[in-house]
Amino acid sequence: MTSEHPVLETRDLTIRFGGHVAVDAVSCAFQRGTTTAIVGPNGAGKTTYFNLISGQLTATSGKVLLNGEDLSGLSVAARTDRGIGRAFQLTNLFPSLTVRENVRLVAQARARRGYDLFSVASSHVELIERAEHVLAEVRLIEKADQTVAALSHGDQRKLEVAMLIALQPQVLMFDEPTAGMSVDEVPVVLDLIAGLKRDTDRSILLVEHKMDVIRSLADRIIVLHNGALVADGEPAEVIASPIVQQAYLGREPEEETVDA
Amino acid sequence: AAEDITIAHVYGKTGALEAYAKQSHTGLMMGLEYATDGSMEVDGNKLVVIEKDTQLKPDVGRAALAEAYGDDDAAIAVGPVSSGVALAMLPVAEEYGKILLVEPAVADSITGENWNRYIFRTGRNSSQDAVANAVALGKPGVKIATLAQDYAFGRDGVAAFKQALKGTGAELVFEEYAPTDTQDFTASAQRIFDALKGEKGRKFLFVIWAGGNNPIGKIKAMDPDRLGIEIATGGNILAAMKAYKALPGMEGATYYYYDIPKNPVNDWLVTEHEKRFGTPPDFFTAGGMAAGMAIVEALKKTGGSTDTEDLIAAMEGMEWQTPKGKMVFRKEDHQALQSMYHFKIKVDPNLEWGVPELVRELKIDDMDIPIHNQ
Amino acid sequence: MLVRIISGDMPRSRLLSLIVLVIGFSLLFAPFLFPGIKSLDTAARIAIFIVLVASYDLLLGYTGIVSFAHTMFYGIGAYGTALALDAWGPSFWAMGLGTLLGALVAAVLALLIGLFSLRVRAIFFAMVTLAIASAFAVLVSQMSAFTGGEDGLTYRIPRELTPAFRLMTDKILDVSINGRLLAYYLIFFCALVLFLVLLRIVNSPFGTTLKAVRDNSFRAEAIGYRVIWYRTGATVLSAVVAALAGSLLAIWLRYTGPATTLSMEIMINILLMVVIGGMGTMYGAVVGATIFILAQTYLQDLMGIASKATDGIPLLSELIAPERWLLWLGVLFILSVYFFPTGIVGRLRGEVK
Amino acid sequence: MPEALLTLDGVHTHIGPYHILHGVDLEVPAGGVAMLLGRNGAGKTTTLRTIMGLWKASAGTIRFHGRDIAGLDTPAIAKLGIAFVPEDMGIFTDLTVQENMMLAARSGAPDRPRLNWICDLFPPLRTFWHSPAGTLSGGQKQMLSVARAIIEPRALILIDEPTKGLAPAIIKAMTAALRQLKETDTTILLVEQNFSMARALGDTVAVMDDGRIIHEGDMADLSADAGLQERLMGLSLEAHQ
Amino acid sequence: MSDERIRPRFDELSFSQRLGEHAPLLLAPVLAVLGLIAIGDPTTWLTLTVAGLAMGLMIFIMASGLTIVFGLMDVINFGHGAFVAVGAFVGVTVLSLLSGWTGTPDIVMNISAILLAILAAMIATGAMGWLFERVIVMPVYGFHLKQILVTMGGLIVTEQLIHVIWGPDALHIARPETLQGSVIVFGAAIEKYRILAVAVGLALFFAMRHVLRKTRIGLLVRAGVENGEMVEALGYRIKALFLWVFVAGSALAGLGGVMWGLYQETITAQMGSEIMVLVFVVVIIGGLGSVEGCFIGALLVGLLANYAAFLAPKVALVSTIALMVAVLMWRPQGLYPVVKAK
Ligand SMILES: Nc1ncnc2c1ncn2[C@@H]1O[C@H](COP(=O)(O)OP(=O)(O)OP(=O)(O)O)[C@@H](O)[C@H]1O
Ligand SMILES: Nc1ncnc2c1ncn2[C@@H]1O[C@H](COP(=O)(O)OP(=O)(O)OP(=O)(O)O)[C@@H](O)[C@H]1O
Ligand SMILES: [Mg+2]
Ligand SMILES: [Mg+2]
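Residue numbers (my numbering), protein chains in the order written: chain A, 1 to 260; chain B, 1001 to 1374; chain C, 2001 to 2353; chain D, 3001 to 3241; chain E, 4001 to 4342.
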């Protein structure tokens, strides 16, 4: 792959719902081996931005480039095939299947085995092992045989993360991975994401509202506000900027910037 | 040695034509009873009637007929109600080499292109209806439009009607076909009105319609009289003729109305039916009875033998009495011929239905019923 | 070995294994176990319906697509074979070619329907297929010169498959070994093979993906499965199998018409068989089809007996008169959905709702 | 300690064949904020749903104002003055924001000042007042869900993780709002993972694990006692492995 | 902080976008004008148009119950046809008992007889709906497939019970004296009965619109379908509400049955299920849950069927289906979707 391109780039990406401009001409490039946090108030357009990149929504104007290739007009599945993967903010799983089967299906998609009609699925041991390996990593392995509908909310969030990891895409988009996860689980997920960071060919996009998570993971923060990109830079510097302090953290400028 | 003779009545006991089926069965049983003087025996052989339901489904009908011939060893089968089922059943009779007496399914092709030599029919066919109506309505100078269901039955009927009109001096000026499930006949009526509006002389709209959803009342409501258009149609069951009450003076031809044929068999049928069920016999009761009487007549001729070849020999050209009058199985296609009755509707406040009054009896010889099986 | 044949998909319940075995065994030896024309006919019908219902389960149970066009494909298969036999005479090659053409037409039509209309919402897809199926039925009845219209087609099949053809003069176990028996076994083994193929398909990676598509198509798309292709693929496969089942029916009945293949009633019956049997289980098709066909065939007879027994009682005898068999079939519809919310197979496997 | 508004006594809950709650004893004092903490899968949500009557308790009593409500159905429980903010937010996606709010205001049109107060707390509600709630962002849905629960005065509000997905500024606003509610005599039972919010709001606290309450006490004690915190968190951490 | 910072950005909607929202309202008039152009003869056109509108309204009356039950409650009720049939049978029975009122050419007596018949039919079908909901439908809320099956079972049972009670024959009923025949306007025959149907249909339309707009019933039902637990947690008895809405839908089917039965004049147990596909199509064209959409859809179907049957009878066979497909291609959720289809 040519390395002069950023892994992912959006140019003037815009979407309008009726008259409401939810994402407003966002241009931004994401480099290999970096983790970028996207912050902004509720309704700033973060999830919508993700939806535009991964193809769930079609942009009103602007484009998305992956390794320099224009993705406009490609379906969600085609984009996933090319290396864009995401986890969802509101949990989105296969509820009547087991935990293991959820992850196995991802591994199978990754291995491009879906159209195989005449072999028996359970004979593809490597896919099952891959799934179990990921489940062990997120500490869900003992619930592998439960159906997803019976999982507690926090466990479903973990499975959501596990499925993105099993997909091994080039661009990983996490939408509030730790929301609803209990304090003891958060470090597990953070470690996992940090582990992915070490793999330098990938690029991670992370939407989070927890400042400590952002501080420990992000190399860069971009700020969306009412759909527009309003700040971009080093974490410390962006967090200290007045717009983040006021509009996002809700602090008067003189207040201390600790915890969240 | 006296043996039981099994007669299988294979017909659509359940389904949309349940009412017809009931009449048909009652008629069959009364026919057997009348013809055997109540003994239900022919030459000492007992007649046993078994019933099979086709559920109005061709596949079920086939299976039921095969079962009747094969498992129950029936000598003769009677039925069914619907033409589609009948057509599916015909080859089964051939396969088993046993007689199927079709009653009252009407499609021409039963004794036409799909006929085989094991098939006899006591019911009238579409051609008979069409020809009788053509004879009844066809006068020089008369202009006729037809309205029929848009499938094989309706189209065949109109074709036969058109054929029969030739030489009567009447002219068929317009054919309209409407889907069987049409709910609103305004458009059809309008097309017909537009076609007949300019014509001179007597103008008829002849309706060929089987089953429910009959358009006559709805067209009548559009006031065709103002354009000088008269409605005509064939006979029907009493329940359906309630609609005729609104159509006094309507003309047509039918094969049976309980008050029309004057003969001892019909007198017996009407009295007995009134006595047992409190109602007069209906359209298909007479048909069923004709079938029952045909069977007994044939068995009497063979001396109780149920051998198929004997039966065929006995039945070809056989003449016998029925409530509809004298009937005869034509040799060529085994279609039974009978008189038809040209009627005109009269309203009798004591009866719920419009009463067909006999205008003229159309004898077998008055009508040239085409043979289709060659 | 056996496990390989059934693609490792075990019935997962002792009783269910037993039931499936009994059904299989009974069908295999039906001509000898239950002699008689009606019972052989019932057995053949069960075999054909197992395939038809299983193919619908692929669509409904595994892919979550509600289609009312399944009988249309069934009809296309039947008409393919019927028209070929009608036009080219009763030969095996006409039969085979007609079957093949029917399946092909079904596949192409399913592909078109799938690509054009699987994008709409599930309930609208159901209605669109209902519309297409009824338009197709209208077409068939309109083109009566070609299809026989409402009356259908009656035709001959190769002589080797008719009762007139005798394989041996002696009877075995009091059953004459004739072409009809041959026809039965042709149908039985074709049905068996088709069923096993379906079983393999649902246990393949493709089949497991279908379940994901059913559960959450949005997410399936987001992990890289092109949902529309999977749905269309399932539609085409199930249409082809349905068409083949239709061909089997055409061969068995020697008659094909709208009432035996295209009617809405058959569609609803298929639906009921899938649901009673248990959706998304394949074995459900076996159990559901068998029970339903048996009920449909013998309920009326049973009621005849019952109504004789209760002759004197006024309302009751009216209600259980054989003419009212549909009433009880309706009651059966309701009760079976009540008592088997997860189907008989689900119940036997101890699943809860 | 003030008198308890809600008391759970030996509550067991089964979901299908699974035994989820194994005898939960819990007291929620009137007019305060009771926190319910615990790791994922501990049974917090199940506890709230059992109180609301959405799962039926298979044993034990649930007293509200001294009256056993374990046998009542959900609408009856709601009518006693209990509001519920479910974990999945439970908003009606086809209905507009306005319609969602209207339904929550059971006794008719909500009073103006209260509505204004809520809209000031959660400004996006005003902006998207006539939009279908399904098009809101995740955090906006969360706001709507909480807003519905407080549109009319209620004696008790059960809230399941209201801050997940909310931006810090909104969390602050919500914390302030809940504190105001507390002053108007509303009792709150709050399930939360956000410990700083718990500390800021809670009067009493209960910690759950594996379908049981493993600690009950004052919030102040827990937040002052790092050792206890460590023990409860550490314990749950270990139990999980 | 400045105000535009807090407010998200809103652009003006273009004229065509706003027009698009109201386009369905124009459909029926546009269709009528197109019909006039194609048919040419104004008298014929008038006959067809009035008949088509009346037919549309009769379909609307039958569909009105289904918009509530299928559109709002998301219950696929194939049994709706059975309610139509029962309504017709009860209505016809009442009318034949009142033959003294219907046989005289007195319009007040005639209309009163019809109103009584309607009342009886609505009470009967409403009660049946109550039973249906409790016994058949309640366990299957939310499961379309099972709804199809159990309601199909209910349909079969009801039709068979009609046979048991009223016998297998079709019943014939003559309309009351003053409603027979036509009035001639500008040379076009307009059936008197259709005028009554228009009046009833319009009255029903406005009544339903009023109820659904001015009360929360519509909202509650929609919310309850999406998340019944949450509606209960808000303190509403969703089960009772569903029951009563279902009863109302069934009673409306009874009303439709009387109107339809009097139009057909011959009634059979199958009459309801025969018309059901058409009624479903109308509800879908309209968009689930929308009374307005259903109304427009019914008018479109009525008009188009008549124009097509006049201009090209073969096309009439598929005109309704073609209309549905065309509408769904233009608006995949129907004309005025209130509820999102699953
Ligand atoms: N399908 C849609 N139709 C209309 N408006 C939409 C749609 N999807 C999103 N929006 C609007 O776009 C805006 C941005 O939403 P988005 O979900 O991207 O926010 P977010 O930044 O992810 O917020 P949060 O942190 O709360 O998740 C919101 O105001 C929302 O109402
Ligand atoms: N519908 C269900 N069927 C079976 N088991 C369930 C169901 N819902 C929850 N459980 C189980 O009950 C236990 C408690 O779940 P609950 O949702 O109450 O946990 P929680 O404390 O709210 O966790 P979280 O913080 O993750 O939301 C979990 O082990 C879960 O797997
Ligand atoms: Mg978001
Ligand atoms: Mg929870």
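Among these hints, one or two may not hold up.
Quick partial rundown of chain B residues pointing at chain C, CB under 10 Å, derived from the structure [as the list claims (entries may be wrong)]:
(1) Glu1051
(2) Ile1312
(3) Glu1316
Calculated pairs, EDC-like style, for lysine to aspartate or glutamate (alpha carbon to alpha carbon, straight line, at most 20 Å) [as the list claims (entries may be wrong)]:
(4) B/Lys1262 - B/Asp1225
(5) E/Lys4192 - B/Asp1225
(6) E/Lys4314 - B/Asp1150
The set of hints was computed from the structure by calculation and includes no laboratory data.
Only a predicted model underlies this, so the values are computations on that prediction, with no experimental measurement involved.
We treat Cβ as the ideally placed atom computed from N, Cα and C, and that holds for glycine.
Hint by hint, here is what the structure shows:
no. : hint                  : result
1   : Glu1051               : holds (8 Å)
2   : Ile1312               : violated (20 Å)
3   : Glu1316               : violated (24 Å)
4   : B/Lys1262 - B/Asp1225 : violated (34 Å)
5   : E/Lys4192 - B/Asp1225 : holds (16 Å)
6   : E/Lys4314 - B/Asp1150 : holds (9 Å)
Against the hints set out earlier in the document, violations occur for numbers 2, 3, 4.
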